[in-house]
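As given, the protein sequences belong to chains A and B, one line each in that order. Just so we're aligned, residue 1 is where the first sequence starts under the numbering used here, counting upward by one. Just so we're aligned, residue 1 is where the second sequence starts under the numbering used here, counting upward by one.
It is worth saying that the hints were derived from the structure and are not from the lab. Among the clues, some could well be false.
[What the hints assert, rightly or not] A few chain B residues that face chain A, going by a derived Cβ cut-off under 10 Å, partial list only:
id: 1; residue: D27
id: 2; residue: R54
id: 3; residue: L57
id: 4; residue: L60
id: 5; residue: Y61
id: 6; residue: I71
id: 7; residue: H83
id: 8; residue: T107
id: 9; residue: E116
id: 10; residue: R118
id: 11; residue: L119
id: 12; residue: A122
id: 13; residue: R126
[Unchecked claim] Partner residues are not named here, just some residues of chain B that face chain A (Cβ under 7 Å, in silico):
id: 14; residue: L59
id: 15; residue: G62
id: 16; residue: F73
id: 17; residue: A74
id: 18; residue: N75
id: 19; residue: K104
id: 20; residue: Q111
id: 21; residue: Q112
id: 22; residue: V113
Heads up, the beta-carbon is just placed ideally off N, CA and C, and yes, glycines get one too.
In case you want the letters, here they are:
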Amino acid sequence: MGSTTKKVCIIGDFAVGKTSTVARCVHNVFSEKYLTTVGVKIDTTQITMEESGETLKMVIWDIAGTDRFSAVEFSYLRGASGYILVVDGTRMHTLEVARRLCEEAGERYGNLPYVTLINKSDLRDSWEVSDADLGKLEEDGYNPIITSAKTGENVSEALLRLAHLVME
Amino acid sequence: MSLPLAASRYLYATDNAVRDAICLSIDANFRLVQWWGNVSVLSGVTPSVGEDARDILPLLYGMDLAEPATIRFANVNDAHVFHVHLFRDGDENYVLCIPADDEKARTTELQQVANEVRLLNAQQQRLVQELEEARSELETKRADAQRASMVKSRFIASISHEFRTPLTSVIGYTELLLNESGQNSDVLAHAKAISRSARHLLSMVDNILDQARIEEGNIAIRIAPLNVRQVTDDITTMLAPLAAEKFIGFGAFVDAKVPRVISTDEVRLRQILVNLVGNAIKFTDAGEVNLEITWAQDKLIVVISDTGPGIPEDQQLLIFDAFHRVNDLDGKRGTGLGLNITARLVELLGGSIELESQPGVGSRFELVLKAPESQAAVAADNIYGERKVMGKSRKHAQRILIAEDDPDLTELLGLFLTRGGYELMMAEDGEQAVKTALKEQPDLVLMDVNMPQMDGLSAARELRKKGFSQPILALTASLSVNDRDQAFTWGCDGYLVKPISMAELLSSVERHLHERG
Chain A
1 MGSTTKKVCI
11 IGDFAVGKTS
21 TVARCVHNVF
31 SEKYLTTVGV
41 KIDTTQITME
51 ESGETLKMVI
61 WDIAGTDRFS
71 AVEFSYLRGA
81 SGYILVVDGT
91 RMHTLEVARR
101 LCEEAGERYG
111 NLPYVTLINK
121 SDLRDSWEVS
131 DADLGKLEED
141 GYNPIITSAK
151 TGENVSEALL
161 RLAHLVME
Chain B
1 MSLPLAASRY
11 LYATDNAVRD
21 AICLSIDANF
31 RLVQWWGNVS
41 VLSGVTPSVG
51 EDARDILPLL
61 YGMDLAEPAT
71 IRFANVNDAH
81 VFHVHLFRDG
91 DENYVLCIPA
101 DDEKARTTEL
111 QQVANEVRLL
121 NAQQQRLVQE
131 LEEARSELET
141 KRADAQRASM
151 VKSRFIASIS
161 HEFRTPLTSV
171 IGYTELLLNE
181 SGQNSDVLAH
191 AKAISRSARH
201 LLSMVDNILD
211 QARIEEGNIA
221 IRIAPLNVRQ
231 VTDDITTMLA
241 PLAAEKFIGF
251 GAFVDAKVPR
261 VISTDEVRLR
271 QILVNLVGNA
281 IKFTDAGEVN
291 LEITWAQDKL
301 IVVISDTGPG
311 IPEDQQLLIF
321 DAFHRVNDLD
331 GKRGTGLGLN
341 ITARLVELLG
351 GSIELESQPG
361 VGSRFELVLK
371 APESQAAVAA
381 DNIYGERKVM
391 GKSRKHAQRI
401 LIAEDDPDLT
411 ELLGLFLTRG
421 GYELMMAEDG
431 EQAVKTALKE
441 QPDLVLMDVN
451 MPQMDGLSAA
461 RELRKKGFSQ
471 PILALTASLS
481 VNDRDQAFTW
491 GCDGYLVKPI
501 SMAELLSSVE
511 RHLHERG
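From just these sequences and the hints, can you work out the full model?
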C-alpha cells in the first residue's frame with residue numbers, strides 16, 4: 001500500500017490547547033502545565049486509512065498562537081494540505097479569533113480543508129461557548145468537534161477526519 | 001567545516017551569527033547534495049548524500065524551493081531550536097539552520113509571563129462578569145420578592161378592610177339583641193357568643209391588617225400631645241369588664257410624676273396597651289392584672305404584670321416573632337401576631353420592650369417609650385371621640401342624613417340613631433348625599449368614606465364648597481392616619497371607625513350637634 005506525506009498546521013488563539021492536542025495525537029500524553037509555544041514546533045504522526053489501507057504521514061506544524069496572528073506567522077500555512085482550528089470552549093473570545101483565522105486562511109490559501117476543535121470538554125461546566133454558538137458554527141460550515149486534549153475525547157477522531165479531508 | 005560562500009553572504013546580509021550554523025545544499029527534488037556543520041544535531045544521525053532532506057528536516061515538506069522562506073524558532077526536534085532559512089543562490093538551494101536555543105529561552109520566558117497575565121486577566125474579567133450577573137439576578141429576585149410581598153400585603157390590607165364593614169353589622173345587630181329587653185336567656189347567651197366571636201374576629205382582622213402595613217412599611221406615626229390619664233381611663237373602661245367576667249382583679253395606676261400632657265402617638269400607644277393588657281387578662285385565670293405607668297427623663301415607663309401561667313424560658317425570646325404562639329396555654333389561641341405587632345410599634349415609637357416571666361407565677365412586660373412632656377393643650381376631640389354625652393336637651397327632633405351604600409349598615413345606623421331620637425334621611429352614594437344635604441339641610445351628615453359614584457370625602461369637600469355648614473362625620477373602615485388627616489382637610493368634623501357601637505355613635509353625634517348647637 002502507498003504512503004503519502006502531508007503538511008498540516010494547527011492554529012488558534014494562545015492557550016487553547018494546540019500543543020496539548022498535538023501531544024495527545026502524537027505521543028498520547030497530556031500535561032496540566034501551560035507552556036507557551038514560541039515559533040513553531042514540528043511533529044510527525046502516521047495514520048493508516050482503514051478503507052484504502054494507505055498510510056498518511058502527517059507533518060504537523062504547531063504554530064504559536066497569539067491574539068495578533070501576524071502575516072509572517074500566517075506564511076507558515078504555505079504548502080499545508082489542511083489545518084486544525086482550535087477553540088477553547090471556556091473562552092468565548094477564542095471562538096471569534098478562530099473565525100478570523102479561518103477567514104484569513106481562506107483568503108490567502110483558498111479552500112484548505114480543516115477541522116474545528118472545541119477543546120477542553122473536560123471543563124464543560126465552565127464553558128462560555130454555548131450550545132447555540134455550536135449550532136451557529138454548524139450552520140456556518142465549521143463542523144465543530146468537541147474534544148479534550150486532557151482526556152483524549154475525540155482527538156484521534158478529529159485527526160482522522162482531517163486525514164480523510166486532505167486525502168480527498 | 002566553514003560555511004559555503006553563499007551561506008556566509010546570506011548570514012552577513014541578514015545580520016545573523018555564523019557560530020554553530022548548519023547548512024544543507026539540496027537539489028530540486030530535496031535530495032541532499034552537501035552539508036556543512038554538525039548536521040547530526042538535526043535528526044540524530046549523520047546523513048548520506050542523495051538522501052531526502054525532508055527526512056532529516058520534516059519541515060521541508062510542502063516547501064516550494066522557488067520561494068525563499070524563514071521559519072523562526074523552529075523546534076526541529078525535542079532538543080534544539082533553529083531559525084531555518086530556505087534560500088537560493090544561483091541554481092543552488094540552501095537550507096541554513098541557525099541555533100536559537102538561548103534566544104528562544106529568553107523569548108519563551110517573556111511570552112510565558114505575558115500569556116499567563118492575559119489568561120489571568122481573562123479569568124478575572126469572567127469572574128467580574130459572573131459576579132455582576134449574580135448580583136443582577138439577586139437584585140431582580142429581591143425586587144420580585146419585594147413586589148410579591150407588597151402585592152400580598154396590599155391584598156391582605158384590602159381584604160381586612162373589607163371585613164370591617166360586615167363586621168360592623170354583625171357586632172351592631174348583636175348589640176341591639178343584647179340590649180333588647182324581654183329576650184329569653186338562650187337567645188341572650190347565643191347573642192353573647194356571636195358578639196364574642198365577632199369581636200375576636202375583628203381583633204384578628206386588625207392584627208393582620210397591621211402586620212401587612214408594617215411589612216409594607218406603611219405604618220404612619222403621628223406624634224401629638226395626649227393625656228395619658230385619659231388614655232388609661234379609656235383602657236380601664238374597655239378592659240376592666242373583661243377581667244370582672246373572669247373574676248380576676250384589675251388595677252390601673254398612673255404615677256403623679258407623669259405629666260398632664262405628653263407627646264407620643266396616641267393611636268399606637270392605645271393599641272400597645274390594649275394588646276398587652278388584653279393579653280394579660282385573656283391568659284390569666286386567677287389572681288390579678290395590673291397596669292402601672294410612670295415617667296422619667298422624657299420617657300414613659302409602662303409595666304403590665306399578671307399572675308397568669310407565665311411563659312417558659314425557651315419561648316421568651318420567640319414570643320415576639322410573628323405567628324409564634326406559646327404552646328399549651330389552655331387552648332387559648334390568636335393569630336400569633338399581637339406581640340409581634342406590639343414590639344414593632346414600640347420600636348417605631350423609639351422605645352423598647354422587655355419581658356420577665358416565670359411559669360406558674362406570672363409575666364411582667366416593661367415598656368419604655370419616648371414621651372417628652374408637652375405644654376400644648378389636648379384637644380377634646382380625638383380619633384376615639386369624646387365619650388361623655390352632653391346632657392343638653394333638644395329643642396326639636398334633629399335630622400341626620402346617613403350616606404352609606406351598604407343597606408345592612410344603613411339600617412343598623414338608622415336603628416341606632418332612631419333609638420337616640422333622631423329623624424333620618426338616607427343617601428346611597430356621594431352624589432346623592434350632596435344633593436340631599438343641600439336640599440334638606442340636615443343637622444348632621446354621617447358620611448361613609450367608601451361609596452360609589454362619588455366617595456364620601458369628595459362629597460364632604462363638595463358640600464363645604466357649596467356652603468354646607470352643619471357637622472359632617474366621616475365613617476370608615478380604614479385606620480390609616482393619612483385617611484383621617486384627609487377627612488379633616490376636606491371638611492369633616494369627626495372621624496368614626498367601623499365597627500362602631502351604638503353608644504359611641506350616639507355620643508359622637510350628640511357632641512357634634514351640641515358644639516354647633
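Okay, the hints, checked on the actual structure:
1. D27: Violated - the Cβ of B/D27 stays beyond 10 Å from chain A, reaching only about 18 Å at its closest.
2. R54: With a minimum Cβ separation of about 7 Å from chain A (threshold 10 Å), the hint on B/R54 holds.
3. L57: Since the shortest Cβ distance to chain A is 9 Å, the answer is holds.
4. L60: holds, 9 Å
5. Y61: holds, 5 Å
6. I71: At about 6 Å, which falls below the 10 Å cut-off, the nearest Cβ of chain A leaves the hint on B/I71 intact, so it holds.
7. H83: Nearest chain A Cβ about 8 Å off; hint holds.
8. T107: At 5 Å from the nearest chain A Cβ, B/T107 passes the 10 Å test, so the hint holds.
9. E116: Check passed: Cβ of B/E116 comes within 7 Å of chain A, closer than 10 Å.
10. R118: holds, 7 Å
11. L119: holds, 6 Å
12. A122: holds, 6 Å
13. R126: Cβ of B/R126 sits 7 Å from chain A, so the hint holds.
14. L59: holds, 5 Å
15. G62: Holds, because the Cβ-Cβ distance from B/G62 to chain A comes to roughly 3 Å (cut-off 7 Å).
16. F73: It holds, given that the least Cβ distance between B/F73 and chain A is near 2 Å, below 7 Å.
17. A74: holds, 5 Å
18. N75: Result: holds, 4 Å to nearest chain A Cβ.
19. K104: holds, 6 Å
20. Q111: holds, 5 Å
21. Q112: holds, 5 Å
22. V113: violated, 9 Å
Of the hints listed earlier, those the structure fails to meet are numbers 1, 22, in rising order.
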